[in-house]
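Participant: Residues per chain, in single letters:
Number of protein chains: 2
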Amino acid sequence: MQNFTYYAPTKIVFGKETEKETGALIREQGCERALIVYGGGSVKRSGLQERISASLEDAGVSHVELGGVVPNPRLSKVREGIELCRREKADFLLSVGGGSVIDTAKAISYGVPYAGDVWDFFAGKAAAQAALPMGCVLTIAAAGSEMSNSSVITNEENGLKRGYRSDLSRQRFAVLNPELTYTLPPYQTANGAVDIMMHTMERYFTSECDLLLTDALGEGLMRTVMECARTLRDDPANYAARANMMWASSLSHNGLTGCGSVEDWASHQLQHELGGMFDCSHGAGLAAVWPSWARYVIDADYTLFARFAVKVMGVVPTADERETAERGVAAAECFFRSIGMPTNIRELGYELSEAQIAELAEKCTNGRTRTVGGLKKLDYGDIVKIYEGARG
Amino acid sequence: MQNFTYYAPTKIVFGKETEKETGALIREQGCERALIVYGGGSVKRSGLQERISASLEDAGVSHVELGGVVPNPRLSKVREGIELCRREKADFLLSVGGGSVIDTAKAISYGVPYAGDVWDFFAGKAAAQAALPMGCVLTIAAAGSEMSNSSVITNEENGLKRGYRSDLSRQRFAVLNPELTYTLPPYQTANGAVDIMMHTMERYFTSECDLLLTDALGEGLMRTVMECARTLRDDPANYAARANMMWASSLSHNGLTGCGSVEDWASHQLQHELGGMFDCSHGAGLAAVWPSWARYVIDADYTLFARFAVKVMGVVPTADERETAERGVAAAECFFRSIGMPTNIRELGYELSEAQIAELAEKCTNGRTRTVGGLKKLDYGDIVKIYEGARG
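From first to last, the protein sequence lines are chains A and B.
The first sequence runs 1 to 392 under the numbering used here.
The second sequence runs 1001 to 1392 under the numbering used here.
The shape of chain A in the complex, shown without the other chains:
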């Protein structure tokens, strides 16, 4: 077990109609002028924005708005938000949306008090020293950005998708009303489920042993997500399934399921490059690369994969532990398919050429200058083979 720091200070306000508390929560932070960041028009059409505006007004919090955040959020929108924030003298950033919106707000929060270019943080050229306070009203259970310290931004100028982590970006509060997710399209719900699963899987597949509690929590979380995802396939307005999925999204990425672990994150790196090239959905991209990753690294620790098979996937163990391990990977593919997710890149909708694989692997290893992953350190050649295995 590794020494670890666990820090998850976000105040979670969870349940029905909790968005009505948003204004009071901002006042609690001593702030009075919010920039509301959101994506498409659905938060307006659904009436959510109106309820939130009313709550802010009741609490004496004025606001300006920044809409139009897209999945795989763009650096240009971040820059627009920084300008707007400065011009309008907003002292708080309120995200209404999912991971892309919150990640955009996080990047804006770093950028506002910074004299240089906000991309510096994502390019590894600077460390944030200050950030505007933030909170969010979550509308999709997926990225876990509502409790994480990370954000991922795509730079349209060079096609690079890069993440940056800082505790300065922890949300002061996160309003989690599961009812807000009733109307998500099934594909987005399934995408979210894979994303949540994968945030724990990236931490679960580790060479560290003796993580009894962390493993037990992760296994329970993954089983819960699978059960809820299957329920929601047929019953999208099931409160219990939406609620457990939403709470899982936060706990899966706030550090809890990685305490003591050397984490992996290779699948996320593989997917980030796919997302940068094709703008595919994050969860679907993860589902498309994970099985190939798993089969490529399985011999690094097939006992661990066998435990995953039995304790998470419900595989009945056989005398041959490696066979049990393989059945676990197949069971995960089966789960992905059962909720309409791909299990390779062809099913994701793309035919990868050799040249594209080489380009993806170059970017993934930062021009062959770094390895990727924790369970098994993967170099350029390994990454090429994993993409090849994931072609379908």
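Don't take each hint at face value.
[Stated by the list, open to error] With a Cα cut of at most 25 angstroms, we get these calculated SDA-like pairs of lysine to any residue: (1) A/16 / B/1374; (2) A/385 / A/356; (3) B/1011 / A/318; (4) B/1016 / B/1049; (5) B/1011 / B/1058; (6) B/1311 / A/303; (7) A/385 / A/330; (8) A/20 / A/50; (9) B/1011 / A/303; (10) A/11 / B/1167; (11) A/16 / B/1049; (12) B/1016 / B/1005; (13) B/1016 / B/1028; (14) B/1311 / A/318; (15) B/1377 / B/1362; (16) B/1016 / A/3; (17) A/11 / B/1049.
[Unchecked claim] Label pairs and their in silico Cβ distance ranges: (18) B/1303 / A/20: 49 to 55 angstroms; (19) A/51 / B/1185: 53 to 59 angstroms; (20) A/20 / B/1209: 23 to 29 angstroms; (21) A/60 / B/1088: 39 to 45 angstroms; (22) A/369 / B/1187: 52 to 58 angstroms; (23) B/1060 / A/358: 52 to 58 angstroms; (24) A/369 / B/1303: 55 to 61 angstroms.
To be clear, the hints were calculated from the coordinates, so they are not data collected in a lab.
All C-beta atoms in this analysis are idealised placements derived from N, C-alpha and C, irrespective of residue type, glycine included.
Using the hints, position chain B against chain A.
Facilitator: For chain B alone, coordinates are given in the frame of chain A:
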């Protein structure tokens, strides 16, 4: 599922030698003069106090000391601490110890900026508006006070043991080095294990359904604690078991295992009165009353008790769900005995008279003015019967 707020802002610094970071952690909070609160002399004899003092000195933090905190911590010591803090102008409270020490520091932290009597908070006569910042170096895995917002103090003047909750008392940081618990006597280790189990059991036994994730996390935590407690019986310096037990102590009482639940806490109330009357160990007292409580309330929801039996205690389910439920209670007793804990008050070392039972039940129901418990609301008559059942 109930709406809930989850707020656990304490920064956890976990692992070997982490006490050396204490000084820097206090400076991070902008403080420079600490009152170190501790219990007996073991923290001095072990050299721990010296290492912490050196860390404070390195960081430029001066300190004064308040020793002599005892289990079931006393109001008089709290008052002494408040005076000392004011006189010495300490701006930070550092606890080095377990729940009694941290609870004492929490009460001091409320008292320092308060003009009235600190017992007002525990007597329900006032709500804290401010508190001195606090952190702790934990030396026993048990009470979970390092991440909770509650503290329990015994008033020697009237024999009342009362708790008070406020987020103002959340520790800014908690240093968790499992090695510091190697030398605990087996009885204290077992006491801690029961306390940790019970913090989750009080939340787990609830009439709320659909808590898939919360239940899965709680079940995983309880199984982990039982496994570690058994390991430590034979191998007290087992790092993995000490580490998982210590992390479980924090997670079991920071709110995580109660999200969405209507919690119970009857067993804690029953034990608090016992502790007030006999000064018994907290964990042992809980083990002594829980089986009687469980058998008294089992028909409020024996399906729930059956799930506990199967998923936590490892009971093989039978066709008769109520029988499975009863076997779960018996299995819990068996676990308590296996680690040297009592399962009734006679085994705890006390022969309860009728008059004492009446007195305990009077105090427990605050002079018959309130009911106790969430799964089943228990009045004076119920409480008398549970104490009678727990006599042994």
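Participant: Which of the listed hints are not met by the structure?
Facilitator: Violated hints (numbers, rising): 3, 9, 11, 12, 17 and 18; every other hint is consistent with the structure.
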